[in-house]
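Trainee: Sequence:
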Amino acid sequence: MMFSKHVVVVGFFLFGLSSCGTHTQGPDIGISKDLAELRKNQISEVSYNLDLEIPKQSKLPIKGSLSVRFVLKDKSQDLILDFDGADSLVYNVISNGNEVRFETLNGHLIIPKQYLSDKCAFDIEFNAGDQALNRKDEFMYSLFVPANASSCFPVLDQPNIKGRYKLSLTVPNNWTAFSNESAIDTVELGSNRRFTFAETPPISSYLFAFTAGDFKSISKTLGGREYIMLHRESDSLKVNRNVEVIFDWHHRSMTWLEDYTEIDYPFNKFGFVLLPSFQFGGMEHPGAIFYKASSLFLEDSHSLSEKKSRARLIAHETAHMWFGDLVTMDWFNDVWLKEVFANFMAAKITQPGFPQINHDLQFLLSYYPGAYEVDRTQGSHPIQQPLNNLKDAGSLYGNIIYQKSPVVMRMLEENMSEESFKIGIREYLKKFSFGNATWDDLVAIMSEHTDYNLDVWNDQWVRSAGMPHVRYNLREREDSISKFTLFTVSNDDRNPLWWPQKLKVEVGIPDSSVLVEIDKSFRVAEVKEVVGLPSPNYIFNNAGGLGYGYFDMKQNSRANLLKSVVYEPEPLKRAAIWINLHESVIRGKLDPEDLIPVQLSGLSKEGDAMIIDYLLKSLQHIYLIYLNDNSRSKYTSRFESVLVNKLVSSGPEVRKLFFDALKRIAKSDNTVELLNAMMLNEVEMEGLVLSERDRIGLAFELCVRNSLDSERLIDSLLNRVNDEDLKSRLNFVKKAVVGDHQERMSFFENLKEVKNRNNEEWVLEALEYIHHPLRVAESQTLIAPSLELLVEIKQTGDIFFPKRWLDRTLGNHQSAEALDAVKQFLYKNNNYPVDLKNKILQSSDHLFRSVNVREKWFKQELDEKVGAL
2 MMFSKHVVVV GFFLFGLSSC GTHTQGPDIG ISKDLAELRK NQISEVSYNL DLEIPKQSKL
62 PIKGSLSVRF VLKDKSQDLI LDFDGADSLV YNVISNGNEV RFETLNGHLI IPKQYLSDKC
122 AFDIEFNAGD QALNRKDEFM YSLFVPANAS SCFPVLDQPN IKGRYKLSLT VPNNWTAFSN
182 ESAIDTVELG SNRRFTFAET PPISSYLFAF TAGDFKSISK TLGGREYIML HRESDSLKVN
242 RNVEVIFDWH HRSMTWLEDY TEIDYPFNKF GFVLLPSFQF GGMEHPGAIF YKASSLFLED
302 SHSLSEKKSR ARLIAHETAH MWFGDLVTMD WFNDVWLKEV FANFMAAKIT QPGFPQINHD
362 LQFLLSYYPG AYEVDRTQGS HPIQQPLNNL KDAGSLYGNI IYQKSPVVMR MLEENMSEES
422 FKIGIREYLK KFSFGNATWD DLVAIMSEHT DYNLDVWNDQ WVRSAGMPHV RYNLREREDS
482 ISKFTLFTVS NDDRNPLWWP QKLKVEVGIP DSSVLVEIDK SFRVAEVKEV VGLPSPNYIF
542 NNAGGLGYGY FDMKQNSRAN LLKSVVYEPE PLKRAAIWIN LHESVIRGKL DPEDLIPVQL
602 SGLSKEGDAM IIDYLLKSLQ HIYLIYLNDN SRSKYTSRFE SVLVNKLVSS GPEVRKLFFD
662 ALKRIAKSDN TVELLNAMML NEVEMEGLVL SERDRIGLAF ELCVRNSLDS ERLIDSLLNR
722 VNDEDLKSRL NFVKKAVVGD HQERMSFFEN LKEVKNRNNE EWVLEALEYI HHPLRVAESQ
782 TLIAPSLELL VEIKQTGDIF FPKRWLDRTL GNHQSAEALD AVKQFLYKNN NYPVDLKNKI
842 LQSSDHLFRS VNVREKWFKQ ELDEKVGAL
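Numbering (the working numbering), first residue to last: 2 to 870.
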């Protein structure tokens, strides 16, 4: 998603125009919450009639005209519309046939109060700003979330002023156009074609969307409803292989949601567009969902995990039609509310479609590791975050709202009961249909349907930062347990919490084990059920698998679980133990060299695809980041051997997982030669079909390992690529792959110019290779200049770009020098914006931890060697 180059959203402001047309004081960039509340209370019944002329050449300006109508309560203040463009972009403003004097200031279009009436009507001619329009020569698309509609046309750009939009687009005559509503008229105009779309129901400005270009269209009618898909895929076999499943999951999701909510699909049209290199997995514009094409058009060798991810993505975006589009958050501090319901409902929708999998296990592995990645860091934050100005709304997005909040919502459903939860949700949706609501509005409704103390739960899980550390105390007398208590240690002593949740504790005794369920409603829980049991071999304080937090254990328990985890028969508990052991390594409680061989053994024996996927990610991470060069060399041969053996012997649903891991960590000459032979089709793996994209990724990895032949290898690929979008991507990313160090540094210098960062997916992929694990020694000099760009990255990029920029920059580094670069930046910028500082702390967390881990475990090894000398 593209932010405008200068994100500006404003509303009514308490100032006036002087007689000469100059403000005695002017509106600042941005809109405060107080300002938004003032505007929401003054303006209603908003409608827009927007006409845009989009030329094929992406560098030419877009002419626009707008008629905006609304009811106004208070005419004592000047009207300020949101429009982030230079003065020359607005040509005139007309009201009732008369020209209106106006002023543009700080990205705002200001209309004096003498032109206002109870029912305002203004006609505006302008050149549209295209910062939020992703324009290519063959297609374009808008992306206005969270508040970027104002970078394109004059608008009241805040979520709690919903408007009706009627759009006309004039485009080249070989293009088609698509928007929230169906086209009601199409007129040929010489070399152009004009599409006029029906008026939308009331929607927030960030949900208004359109696209135009050279697209192919497919439509299907399922259950009496028409579904329309636009795409640009040139591989007809890929389209045919995927199209039925894509339509089927949309229809399944639709019918499930209508049944669950007891509300028919609330909009007139259901359409979706598959875009190359789209910045998100998907964006939920009603009637015109936008998807990243590769997320839905799967390759021939796709895994079960990829099929589930596609189904979840479709269900997620479809759920937004009710959760976010029909009922929209009042302010972006509750943006998590629409996201948690989309994720939560997607899990329910897709469960029947995959009866062969363990859905509790999927829930654990889909959400918990990702949530922990942020929640364990010094940059963590509450699920519900404060937001004083909409220009900072993009910083709210991240793993806490996407991964942690579904875990918390599942707790709410468990505590209320599934039926009471559903009743509350239905009441909430019906009460606020086509309007706006807050989290507090929902809590108030839910409280009417449960006796559970939602206030305490809300304060600790939704409004507090961090994750619980669950520990235990054990007392023994005469070889038996005399006392056992479970307690929580807060990661912030100034805000002691206990995070109420239901847990299961397993006490392993000789030849058996005892499982105890605990409703942990208090900081300390005394577990009397285990008193009198023999002295345990181990205690696992998250045996149910779905407790949230770091479950610290005594050394003996950790050692015994390390020995037995491979043989644990229950998949959910086995996965929970693997996650716990991973957390123990990065927290310095477990030597990574003790875990690596156990993980490799587990990988050889594991039969569950989801656990295999998690183990591969955990193994790669610890191997690349938490081991030093000497310790890594001990395991390279075995790691590669396990991956090659599994690549040959595994079923098709996981074979791709092993291939992706192997090309990432390959280092030995033999393995690199094998991958090169696979690249050239000299070696084939039965059941593994490499797509064009797979070969490109493999070629890039091989180039990193053999820079002498890299130019020839990439050029040979370019000659075979037919997809023009893919060829453009390849030409861009190759600059970060081939050539020498100085050429890559020059490429990075070019990224400092905004125009060279327009395609963020390409930029992020290029950064992956600049900061590849085999190149971190040379690329660590780019850490400081990358951090210095962060404020600009936030201003000019989409909502995920700053964090992804940091992840790609810092994610593979492990040296003390890299850590020092981050520390120096934070020290020199001690008054840095809090939201961006938190992003840096999140992305650099493994860098900080890995240095500490190696100092703890490998310094001892070094001291022993020195002592022996």
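Simulated from the structure, these hints should not be mistaken for lab results. For every residue, glycine included, the Cβ atom is placed at its ideal position computed from N, Cα and C. Hints may contain errors.
[As the list claims (entries may be wrong)] Beta-carbon label-pair distances, calculated as ranges:
1) Q621 with K423: 39 to 49 Å
2) N759 with S235: 45 to 55 Å
3) G371 with K423: 51 to 61 Å
4) D460 with E687: 51 to 61 Å
5) S747 with K120: 52 to 62 Å
Trainee: Do N759 and S235 keep their Cβ atoms within the hinted range of 45 to 55 Å?
Mentor: With Cβ atoms ~22 Å apart, the hint is violated.
Trainee: State, for the Cβ atoms of Q621 and K423, whether the hinted interval 39 to 49 Å holds or is violated.
Mentor: holds, 40 Å
Trainee: Verify the CB-CB distance for G371 and K423 against the hinted window 51 to 61 Å.
Mentor: violated, 26 Å
Trainee: Could you see if the CB distance from D460 to E687 stays within 51 to 61 Å?
Mentor: holds, 56 Å
Trainee: Between S747 and K120, does the beta-carbon spacing fit 52 to 62 Å?
Mentor: holds, 58 Å
Checked against the numbered hints above, the structure violates hints 2 and 3; every other hint is satisfied.
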